[in-house]
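J.: Sequence:
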Amino acid sequence: MTSLHTPISARPLLDLFLEKIYSLEQRFIVTAALSLAAILRRTKLLSLSTDIFLKTQYEAAWRVMKVSSTMEAEADSAAEMNGQEEADSDGEDSASQSDSEEDSSDMDDLDCERRRNECLDEMCQLEKHFSELKEKLFKERLNQFKAKLEEVTSGRAMEYINPLADLQKNMKIRIEVAGSSCWLNTNAVKGIYKGFCLDVIKHRYECEVQGAKQHLESEKVLLFDNMQCELLERIQRLEEDRQSIDISSEWWDEELRSKRSRKKWDPFRSEKKRKVPLVSGPYIVYMLRDLDILEDWTAIKKAKAAVSPQKRKSEGVKVEKQHFSARCEDGCLYYEGESFTKGEAIILDMKDEPPSQAVITAVSTGEVWLRRGDSSKTKIYVSQLQKGKYSVRRAGK
1 MTSLHTPISA RPLLDLFLEK IYSLEQRFIV TAALSLAAIL RRTKLLSLST
51 DIFLKTQYEA AWRVMKVSST MEAEADSAAE MNGQEEADSD GEDSASQSDS
101 EEDSSDMDDL DCERRRNECL DEMCQLEKHF SELKEKLFKE RLNQFKAKLE
151 EVTSGRAMEY INPLADLQKN MKIRIEVAGS SCWLNTNAVK GIYKGFCLDV
201 IKHRYECEVQ GAKQHLESEK VLLFDNMQCE LLERIQRLEE DRQSIDISSE
251 WWDEELRSKR SRKKWDPFRS EKKRKVPLVS GPYIVYMLRD LDILEDWTAI
301 KKAKAAVSPQ KRKSEGVKVE KQHFSARCED GCLYYEGESF TKGEAIILDM
351 KDEPPSQAVI TAVSTGEVWL RRGDSSKTKI YVSQLQKGKY SVRRAGK
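Oh and the sequence shown: position 118 is 118 in the UniProt record's numbering, straight run, nothing missing.
If you are wondering where the hints come from, they were derived from the structure by calculation, not from laboratory data.
The calculated lysine-lysine pairs, modelled on DSSO-like cross-linking and capped at a C-alpha distance of 27 Å, are: (1) LYS387 x LYS301; (2) LYS377 x LYS301; (3) LYS351 x LYS387; (4) LYS148 x LYS134; (5) LYS220 x LYS389; (6) LYS379 x LYS389; (7) LYS172 x LYS194; (8) LYS379 x LYS342; (9) LYS301 x LYS342; (10) LYS377 x LYS387; (11) LYS146 x LYS134; (12) LYS342 x LYS387; (13) LYS351 x LYS220; (14) LYS377 x LYS389; (15) LYS301 x LYS389; (16) LYS146 x LYS136; (17) LYS342 x LYS304; (18) LYS304 x LYS389; (19) LYS377 x LYS351; (20) LYS169 x LYS194; (21) LYS304 x LYS379; (22) LYS377 x LYS342; (23) LYS136 x LYS148; (24) LYS389 x LYS351; (25) LYS342 x LYS389; (26) LYS213 x LYS351; (27) LYS169 x LYS148; (28) LYS220 x LYS387; (29) LYS301 x LYS379; (30) LYS304 x LYS387; (31) LYS139 x LYS128; (32) LYS379 x LYS351; (33) LYS377 x LYS304; (34) LYS213 x LYS202.
Computed spacing ranges between beta-carbons, pair by pair: (35) GLY337 x LEU216: 35 to 43 Å; (36) LEU164 x GLY195: 27 to 35 Å; (37) ARG242 x ARG372: 23 to 31 Å; (38) SER356 x ASP199: 47 to 55 Å.
Just so you know, even glycine gets a beta-carbon here, dropped at the ideal spot from N, CA and C.
I would like the entire structure built from these sequences, with the hints used as guidance.
T.: Given below as structure tokens:
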């Protein structure tokens, strides 16, 4: 009787063993990677976690591949031995086949049990060795991280020194640009921005000083010109007044001298009425006295000097044009089409002073007398009104 008995193969047991080892390796790799990542995150060395994880995974895979290759070689040798035994059993006689089948079945069971126990023992040893390696690797990595942490804390780690040097360099540059001077590396560093600000302030100060000096010089020149013009005008008016007074005094002296001479030489001669001369044709009769004629002549001369569009100025003074219409006639002041009489209240406007109220007290040919609110008297000339130095308007406007 022939029994077809197939020997039990070691492939399923090997696959189970490899799967278990691989699962344990993966679990260890994940656990170790998480632990290392947590430690690196606390120590701020996350850049090393990737290299450590890849190195650990490579070592575990290499060990698994080594164990799997060994187990596959043993399984192949067992399969060859089983094939040889099967070929020998086919060539035996049919008489002893039943006995050999029983013996082979017993041997296969014992061999499988033995191999199973050997695999379990090897697996336990591998697990134990793997646990020891895992603990050793963990301790080594932990010691490395502790040493690195101590270096970082003490300031000797390159991962700490290089960023610190960059930060110090940036700080120095910002301090140089920022402003205040400080002591850095035993050298006084002055702020660039502060220097620029000081230069700007200095330039503004110099510009203001230069502008003030130029303004002062221009004001001096303008004041000198104004005072010179006023003094020249006063000198000219005084000269005109002196000439008119000299002429009138000469005429008055001559008249008095003639009267005294007549009285002296003809003391007893009675006064006779002057006869009106008989003149044929057109004639002019002078009914005024010599003194009245002299006053009229002086007034005409002053009016001519005031109304003339151009006035002579000594020492090369420029001729000024009339800007306003002003004249005095018949005891009235005509200014810009308006007439002002004696006793009328007006408002006097001046260039360098505020407006003030005044009352006209007298109006002559070339000048006007005013009495201000503080009872002070002021004399203004028609030429000053024409040039715009003074201006008058009614008090109601």
